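Construct all of the structure, not just a fragment, from the sequences and the given hints.
So the sequence shown is numbered by UniProt numbering: it starts at 1 and just counts up by one.
Some clues are possibly wrong.
[What the hints assert, rightly or not] Simulated crosslink set (SDA-like; lysine to any residue; CA at most 25 Å straight-line):
no., residue 1, residue 2
1, K275, T57
2, K275, V307
3, K198, T273
4, K192, G303
5, K200, L260
Simulated from the structure, these hints should not be mistaken for laboratory data.
Since the model is a prediction, treat every value here as computed from it, not as a measurement.
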Amino acid sequence: MTGTKILRIISRLNIGGPAIHVTNLNYYLDKNYGYDSRLVYGSLATGEGSMEYLARTKKLKTIILPELGREINWRKDLKTFWQLYKILQREKPDIVHTHTAKAGAVGRLAAKLAGVKKVYHTFHGHVFHSYFGKFKTLAFIILEKILARFTTKIIAISAKQKAEIISYGVARPDKIAVIRLGFELNKLQPVKNYWHRKYKLAPQTILVGIVGRLTAVKNHEYFLEIAREVCRQNDNVRFIIIGGGELREQLIMSAKLKNLDGKVFFAGFLNDTKKIYSDLDIAALTSRNEGTPVTLIEAMACGKPAVSTNVGGVA
Numbered sequence: 001m002t003g004t005k006i007l008r009i010i011s012r013l014n015i016g017g018p019a020i021h022v023t024n025l026n027y028y029l030d031k032n033y034g035y036d037s038r039l040v041y042g043s044l045a046t047g048e049g050s051m052e053y054l055a056r057t058k059k060l061k062t063i064i065l066p067e068l069g070r071e072i073n074w075r076k077d078l079k080t081f082w083q084l085y086k087i088l089q090r091e092k093p094d095i096v097h098t099h100t101a102k103a104g105a106v107g108r109l110a111a112k113l114a115g116v117k118k119v120y121h122t123f124h125g126h127v128f129h130s131y132f133g134k135f136k137t138l139a140f141i142i143l144e145k146i147l148a149r150f151t152t153k154i155i156a157i158s159a160k161q162k163a164e165i166i167s168y169g170v171a172r173p174d175k176i177a178v179i180r181l182g183f184e185l186n187k188l189q190p191v192k193n194y195w196h197r198k199y200k201l202a203p204q205t206i207l208v209g210i211v212g213r214l215t216a217v218k219n220h221e222y223f224l225e226i227a228r229e230v231c232r233q234n235d236n237v238r239f240i241i242i243g244g245g246e247l248r249e250q251l252i253m254s255a256k257l258k259n260l261d262g263k264v265f266f267a268g269f270l271n272d273t274k275k276i277y278s279d280l281d282i283a284a285l286t287s288r289n290e291g292t293p294v295t296l297i298e299a300m301a302c303g304k305p306a307v308s309t310n311v312g313g314v315a
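Put into C-alpha cells, the structure is as follows:
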C-alpha cells in the first residue's frame, strides 16, 4: 500500500535554494516516511543554469510541463493551468504543495478546480518588493491575498518572512506556519585551495565569494562597488562571483569599468559545493530581497564567516 500522495509543483529547477529544497523534500519524505511524491516543474528562462541533475541523481518521479516557467505569458499560462488540472484529475493527489510565485498561482488555482482538499504553498522569498514596478507588484499582492483564501496552510521559511507576509496583508498569522529549510550538511566537506590553484593566487590572498544567480535582485553591482572600495585599501583581497544568469555580461563590463580586472573573477555556475566553499575566507550576500539564503547557511556549515545585507531570513 502506498503512502500519502503529494504533487509538488515548482516553476523550474533553476540554480537556487528552491530547487534544492523541493528535491530534498520529495526524496527524503518518500525514503524516510513512506510518502508517494511527484515533482512537476517547467522550463528554464534564457541564461539560467539548471539544477535538474538533482532530480535525476535522486531518481525522483517527475512530470515536466515546458510552458510552466518563470515568465508571465497568458496563452502559455492558461495551457499550463489546463494541463495541471488534467494531471491532478489523473494523479488524484492527497496533497498539492506549490513553490515559487508562478507555480503557486497556477498550481493552487488548478488544485481548487480539481477539488484537492489539502493545498499548501511555500514562500521561498516573495515578489512584494525589489522585483517589479509598483502596479505589477500590487497586482501580485492582490493575487496572493485571493490565493490564500483557499490555501490550507502557507509556509514561510523564517519568522522574518512570516512577519513580512503578514505586513502585506496576504494572510492571517494563524494561517502561516514557519518551517525552516533542511540541508544535506554531511555532504559539505570542502577541498583545499581550489580557488587559489584555479586562479594562481598567492597563498596569503584573502578571498571573498558570493554565490547566486546573476539577476537584479541579487544586487551584484553592489558587490562590485564593495570590491572596488576594498581593493583601493587592500591589494591582497580578491573577489569571486560564482553563478550564472542574464546579467553576466553586464557585470563583467561593470567590473572592467571599475578597474577590477584580475581582482574580481567570474567563475560561472559550479554544482560541486566541495569546491565552491573550498578556500573562501568570507561568504557575502548583497541581495535586495531574500527568503532564507541557502548559500550562506552552506558557507557557515563549512566554517566560513558570512557578511550580508539585512534582508529576509538573514535578519
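Going through the hints against the structure:
no.: 1; hint: K275 - T57; verdict: holds, 19 Å
no.: 2; hint: K275 - V307; verdict: holds, 20 Å
no.: 3; hint: K198 - T273; verdict: holds, 15 Å
no.: 4; hint: K192 - G303; verdict: holds, 13 Å
no.: 5; hint: K200 - L260; verdict: holds, 17 Å
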